[in-house]
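Engineer: What follows is the residue order along each chain.
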Amino acid sequence: MQTVKRIEIIVDSPELPELTATLRAHGVSGYTVFSSLTGSGDRGSRANDEPGGGSGNICLLTAVPPEKATSLVEAIRPILKRRGGICLVSDAQSVVH
Amino acid sequence: MQTVKRIEIIVDSPELPELTATLRAHGVSGYTVFSSLTGSGDRGSRANDEPGGGSGNICLLTAVPPEKATSLVEAIRPILKRRGGICLVSDAQSVVH
Amino acid sequence: MQTVKRIEIIVDSPELPELTATLRAHGVSGYTVFSSLTGSGDRGSRANDEPGGGSGNICLLTAVPPEKATSLVEAIRPILKRRGGICLVSDAQSVVH
Amino acid sequence: MDLTLITSNLLNPPVLFFFLGMIACFVGSDLEIPQPIPKFLSLYLLLAIGFKGGVELHKSGLTTEVLIALGAAMLMAVIVPLWTFFVLRKKFDVNNAAAVAATYGSVSAVTFIAAGSFLSQLGIPSGGHMVAAMALMESPAIIIGVALARKLGNPGGAKSSWSHLMRDAFANGSVIVLCGALVIGAITGAKGEKALSPFTSDIFRGMLCLFLLDMGILSAKRLGGIRQFGWFPVGFAVLVPLVNATAAVFLARLIGLSAGDALMFTVLCASASYIAVPAAMRLAIPEANPGLYVTMSLAITFPFNIIVGLPLYMAAINRIWS
Amino acid sequence: MDLTLITSNLLNPPVLFFFLGMIACFVGSDLEIPQPIPKFLSLYLLLAIGFKGGVELHKSGLTTEVLIALGAAMLMAVIVPLWTFFVLRKKFDVNNAAAVAATYGSVSAVTFIAAGSFLSQLGIPSGGHMVAAMALMESPAIIIGVALARKLGNPGGAKSSWSHLMRDAFANGSVIVLCGALVIGAITGAKGEKALSPFTSDIFRGMLCLFLLDMGILSAKRLGGIRQFGWFPVGFAVLVPLVNATAAVFLARLIGLSAGDALMFTVLCASASYIAVPAAMRLAIPEANPGLYVTMSLAITFPFNIIVGLPLYMAAINRIWS
Amino acid sequence: MDLTLITSNLLNPPVLFFFLGMIACFVGSDLEIPQPIPKFLSLYLLLAIGFKGGVELHKSGLTTEVLIALGAAMLMAVIVPLWTFFVLRKKFDVNNAAAVAATYGSVSAVTFIAAGSFLSQLGIPSGGHMVAAMALMESPAIIIGVALARKLGNPGGAKSSWSHLMRDAFANGSVIVLCGALVIGAITGAKGEKALSPFTSDIFRGMLCLFLLDMGILSAKRLGGIRQFGWFPVGFAVLVPLVNATAAVFLARLIGLSAGDALMFTVLCASASYIAVPAAMRLAIPEANPGLYVTMSLAITFPFNIIVGLPLYMAAINRIWS
Ligand SMILES: Nc1ncnc2c1ncn2[C@@H]1O[C@H](COP(=O)(O)O)[C@@H](O)[C@H]1O
Ligand SMILES: Nc1ncnc2c1ncn2[C@@H]1O[C@H](COP(=O)(O)O)[C@@H](O)[C@H]1O
Ligand SMILES: Nc1ncnc2c1ncn2[C@@H]1O[C@H](COP(=O)(O)O)[C@@H](O)[C@H]1O
Ligand code: NA
Ligand code: NA
Ligand code: NA
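Chains as they are written, first to last, in the working numbering: chain X, 112 to 208; chain S, 112 to 208; chain B, 112 to 208; chain E, -18 to 303; chain P, -18 to 303; chain U, -18 to 303.
Some clues are possibly wrong.
Said to hold, decoys possible - No more than 30 angstroms apart at the CA atoms, straight line, and that leaves these computed lysine-lysine pairs for DSSO-like:
| id | chain 1 | residue 1 | chain 2 | residue 2 |
| --- | --- | --- | --- | --- |
| 1 | E | 172 | P | 132 |
| 2 | U | 71 | U | 202 |
| 3 | P | 175 | U | 71 |
| 4 | P | 72 | P | 202 |
These are computed hints drawn from the structure, not numbers from a lab.
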């Protein structure tokens, strides 16, 4: 098991493409996306109930080597600043195939 | 990045309104909800397959300042006691907009 | 609150039955499953968009006593090896009913 | 008992799709109809049956005959949860007894719908007011069940208020759709029927087949779970419908219902809820175990009524009415 | 104002199901139609209305009369976002003003569809080219709104490129389905109609009812959220449609549309988008608050047009046309 | 080759909606039909086609002609995975070769359905027993593919047991629904048809359009992913269907099928599975890459058969049969 930083980023679902692009730009190709989430925050509550869909939040979870974490978080900060959301970073051990 | 407690609460989906009410009562307005989960625990397995819907679990994730964590957990304990579920608390760093 | 290991396992959705069987074999009866996830990793991206369904990933989350963690992870390793995915282990405090 | 009844029930496509679902589960198939499709189908069925009932009610009007039928429905909706509760107390704690009593005091819309498709298979008519009867029978058992639990149960833990309870009982999603569609059908009458019948009538049987396919899978999947509770719940889930059905048949005869209406009424009394009541019980009596009351209703009583009950009740009614 | 118009609108099943949804929400029911069912229903409605419009266009052909109507539609789609923007600037910042202007410059397909079902209730015909008009009116307001925001707004944060914007405006899912189905209908004509009409026409009204049931729940749920923004948005969401409708009625008269086409045209101008535009705004003007522009459109303007607008506009048109 | 065939295929609404989906993806639209809607549509299509086939089988009965056709279907279902496997081994490892062979040995129900709608466009009849043929051809290739992988592959990692394999092959959800509906149709016959045809026949074409819209999006989205594997898979995905189609045409002629049945049979042999087989392969040969076998089938062979194959095969059959 190697030590990793467990980063989860929660943003409005239309942000996903920009988010994954940012990850790839930082050489992060491993991530998992949880979709059609609801939530509440400084910008009010998000309900995923608009008839056209796509009004909910998504959570992107990625485990990265500790040294990559800080730069990645800094790259994500502007997205959060502009469009809201939150990013949580914690320590974990990972096992991959 | 500020230090926070990462609290995730997994309960039967009909509990959600009571849960969010409890959070607001503790001045917690930021949270994310993952829905239509399945699971298994002391009260058997939960399948989200009932024709009327609403038989699955939900997971509410909230990042709160460490000082708020204990009181919040204590407020949630009775809900878990009465209706089952689990609450996990871990350390994390958070970035918000 | 007792100290636990928070284990999350992300695999292709058809793996779920084998995964839960492995858990039960290790006397773990408490877990939560997040389904229809998408993601990307060494084996390319997974999209949950195949017309027949069942092409997405799932995330199984389980909180186990620390002493159980290592053996459980070892039991899961071959599944990841054979069919891809990732397993993250972190420390947490748990409250149950 | 008349064989043609059994065969014409077993040759009814919806019932066959129910069997298909059960078979799929027994052979270990991965066949499933994922949420929210089943929820969509059940909303559709409630909307369609409610609307059609309303339209027919618009034609027939609120005759005294109709009102008597509705009164009888109310009566059964009050009696059933009461008598079953005291039977259940012999084996279950107050909370589970109350939840199961509420489940059997209320009704299963899909059993009712299957009965309607069985009647149309036989070419026997039934009145739209029976749909109104169903609507009336959904909620009372919930109130009674919870009242019993709170009167006789230990007052542990914060309980949701009575106003919440009323809401969960009468404003339950399925109740709202059924009653609302009934009213809309009664308001718009023939004109509304003309506009909606391709949706509410023509494709109805097909949507029912799809839903029963899912019900078959569910029932079979749950069947295993009942064992842990021993034989009492199994016996209850088969015998109580028979008792309620018998009472219903005689009551129907007493108030002079037609054979078709009598079957619908009987099925309402014999059926158990697995949508409205569980939704309400989860909130009002969280201590009760859904694995018990949902499974009894979904895995035993529902299949029993669909497969054995329908022809059986019809045979009894034919004998008495002729 | 002619009472029969009000009644025949209120007796229209889709409108009644819209009310049912609102009532369900007000009584605190748990009734909801979970995603992706509403998305499926809206895709169906766009596909069906587009296809039917295309088939009718195939029959009528692109007459000059049709082209004039399309030109008028384009004109309104350009004027409305411009004039509303400057009104909105009095109270809102550039970003929110631009997003709301785009919302009201574009159209609501479901309001258009409800108007169609209202007309068929009255037995008044309308041409398939109005669907083409709707398709033309979806996107321009998006471009204009974003252009205004970028010209007059502070250049903060990385903005998505213009090419992205064009894509979000013209390749938006709902635009693609509507236009695509329109073209397919126009290509396949009567033969295609024969093949698809049971799907696109017969069950159409029923699917619309189901969708409006969901819209009723949503509108009612959102209604509370508008308060925080004070009275200006509320007034805007009611008055601006009336202003646009008035302009539309006279323009329709000027270019000699039939009464039916005039209503459809008026409804297009009076309606506000809550699918295509919000989807585009979230990407193009993320600083704008969806809680503001979606709520104005969904919770106020939509119900207003469905309940008050339709009979009101029809009455005005009847007076002028006769 | 007869031009009217090409045009009447391209003027077939389902095919046009398939194009629409591809275009939507190419212009970067956000259009998508989210799960579980596509799963619901595919269940519906399987149920409807199976039921209709069963009803027709009920009418025609199991004539020797029918049995011969079924025999031929079985034969092709066994031969195709075998010969393709050895071709594939030239470039792929055992696991991927076996998975692709199974994919092409099995069938695509939707290609079959599109062929049916193409025939009805041309007014050419085809028999219900071809649906039975399809049902027979779904599973054998799965068994053969896995058997090859286990015989010739390296025995690495715990493999699911043969009993599991049988279940995954024959009790696969789509196989169960198709066969089950077929049997139900055959049991209920004309009476069942009368009850369900509005659902299984009238709206069928429309549901097919919606599903093909989604398929178009998917195929286009996947098309890019195939490049990484070089040209071999692309060539295979186009040429092998042609080879199988040629064999099928002559075999069909040999056993004296009608022109309509011959096309359906040819399409079955030329098509590749992307529902039943991938579901089974993920479990039985996890080492194989779904990004390879699903993409070949979904992004190349399916569009090729729908757009080029149908008119091409029909033209060949017309030439030979006349
Ligand atoms: N403290 C928090 N914990 C968990 N999720 C949060 C928190 N704050 C915000 N979120 C999520 O981020 C979304 C956007 O947050 P905001 O931009 O603050 O409205 C919310 O809808 C929540 O889903
Ligand atoms: N140890 C655990 N780890 C993760 N989730 C759990 C655990 N125990 C219970 N759960 C979740 O909580 C729900 C209710 O638990 P219980 O009340 O123990 O039946 C289960 O259905 C699971 O989804
Ligand atoms: N570093 C990572 N962080 C989060 N999820 C991952 C990571 N790597 C892989 N995954 C998930 O595991 C799945 C299979 O991974 P792989 O076998 O590497 O293709 C991916 O589709 C992701 O959902
Ligand atoms: Na009952
Ligand atoms: Na407008
Ligand atoms: Na084949």
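Engineer: Work down the list of hints and note, for each, if the structure agrees.
Structural biologist: Do the hints match the structure? See the list:
1. 172(E) with 132(P): 53 angstroms, violated
2. 71(U) with 202(U): 28 angstroms, holds
3. 175(P) with 71(U): Not satisfied, since the Cα-Cα distance of roughly 49 angstroms exceeds 30 angstroms.
4. 72(P) with 202(P): With a Cα-Cα distance of about 25 angstroms, the restraint between residue 72(P) and residue 202(P) holds, given a limit of 30 angstroms.
In terms of the numbered hints stated before, the structure departs from hints 1 and 3, listed from lowest to highest.
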